[in-house]
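Numbering of the sequence shown is given in the working numbering, commencing with residue 791 and proceeding in unit increments.
Hints in this document: simulated from the structure, not taken from any laboratory.
The reader is advised that the hints may include incorrect statements.
[Claimed, not checked] The list that follows gives simulated cross-link-like pairs (lysine-lysine, BS3-like), each with its CA atoms no further than 27 angstroms apart:
hint, residue 1, residue 2
1, Lys823, Lys798
2, Lys810, Lys823
3, Lys810, Lys820
4, Lys810, Lys798
5, Lys835, Lys869
6, Lys884, Lys860
7, Lys835, Lys823
[Claimed, not checked] Have a look at the derived ranges for each label pair, beta carbon to beta carbon:
hint, residue 1, residue 2, range
8, Ala839, Gln870, 18 to 28 angstroms
9, Ile804, Lys860, 54 to 64 angstroms
10, Arg880, Lys823, 39 to 49 angstroms
Bear in mind that the values here come from a model prediction, so they are computed numbers and not experimental data.
Every residue gets a Cβ at the ideal spot worked out from N, C-alpha and C, and that includes glycine.
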Amino acid sequence: MKVKFMSKSIYMEIPDELLKLLGSEEEAAKEAKQSLVLDLVRRGKISRAKAADLLGIDLWEMPAFLSEYKIPWFNYSKKQMEQDMATLRRFDRKEST
791 MKVKFMSKSI
801 YMEIPDELLK
811 LLGSEEEAAK
821 EAKQSLVLDL
831 VRRGKISRAK
841 AADLLGIDLW
851 EMPAFLSEYK
861 IPWFNYSKKQ
871 MEQDMATLRR
881 FDRKEST
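Generate coordinates for the entire structure from the input sequences, incorporating the hints supplied.
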């Protein structure tokens, strides 16, 4: 089920050079929206699931979409990874006994 969001239009001035690179005003608007949403994901302001909803992309397509913009699907810190690995080792030891 697709969720319909309320939206507002905004006006943005961009140089002709950028418009030429993007091809059309419609493409520029699409790119601007994607850039804003992806920046919010990158900064941790919205979830990847919320980004998928806002962009009208199926959640299953998001990992590939994010990778095009060099945004990882999982955002593990080294400390989180080490903690998870330690937990897995503890479970493995319990299974072995």
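Please work out if Lys823 and Lys798 have their alpha carbons no farther apart than 27 angstroms. 12 angstroms, holds
Quick check on a hinted range of 18 to 28 angstroms for Ala839 and Gln870, using CB atoms only. For Gln870 against Ala839, whose Cβ atoms are near 19 angstroms apart, the range 18 to 28 angstroms holds.
Hint consistency between Lys810 and Lys798 [alpha-carbon to alpha-carbon, up to 27 angstroms]: Holds, because 25 angstroms separates the two Cα atoms, which is no more than 27 angstroms.
Is the gap between the beta carbons of Ile804 and Lys860 within 54 to 64 angstroms? 23 angstroms, violated
Hey, Lys835 versus Lys869, does the alpha-carbon distance stay inside 27 angstroms? 21 angstroms, holds
When you check the alpha-carbon spacing of Lys810 and Lys820, does it fall within 27 angstroms? 14 angstroms, holds
Is it true that the CA of Lys884 sits at most 27 angstroms from the CA of Lys860? Status violated; Cα separation ~38 angstroms.
Could you grab the alpha-carbon distance between Lys810 and Lys823 and see if it respects the 27 angstroms cut-off? Holds - the C-alpha atoms of Lys823 and Lys810 are around 18 angstroms apart, at most 27 angstroms.
Does 39 to 49 angstroms hold as the CB distance between Arg880 and Lys823, or does it fail? 45 angstroms Cβ-Cβ, so the 39 to 49 angstroms window holds.
Restraint check for Lys835 with Lys823, where alpha carbons must lie at most 27 angstroms apart: Judged against 27 angstroms, a Cα distance of about 15 angstroms means the pair holds.
Violation of the numbered hints given earlier is confined to hints 6, 9; the remaining hints are satisfied by the structure.
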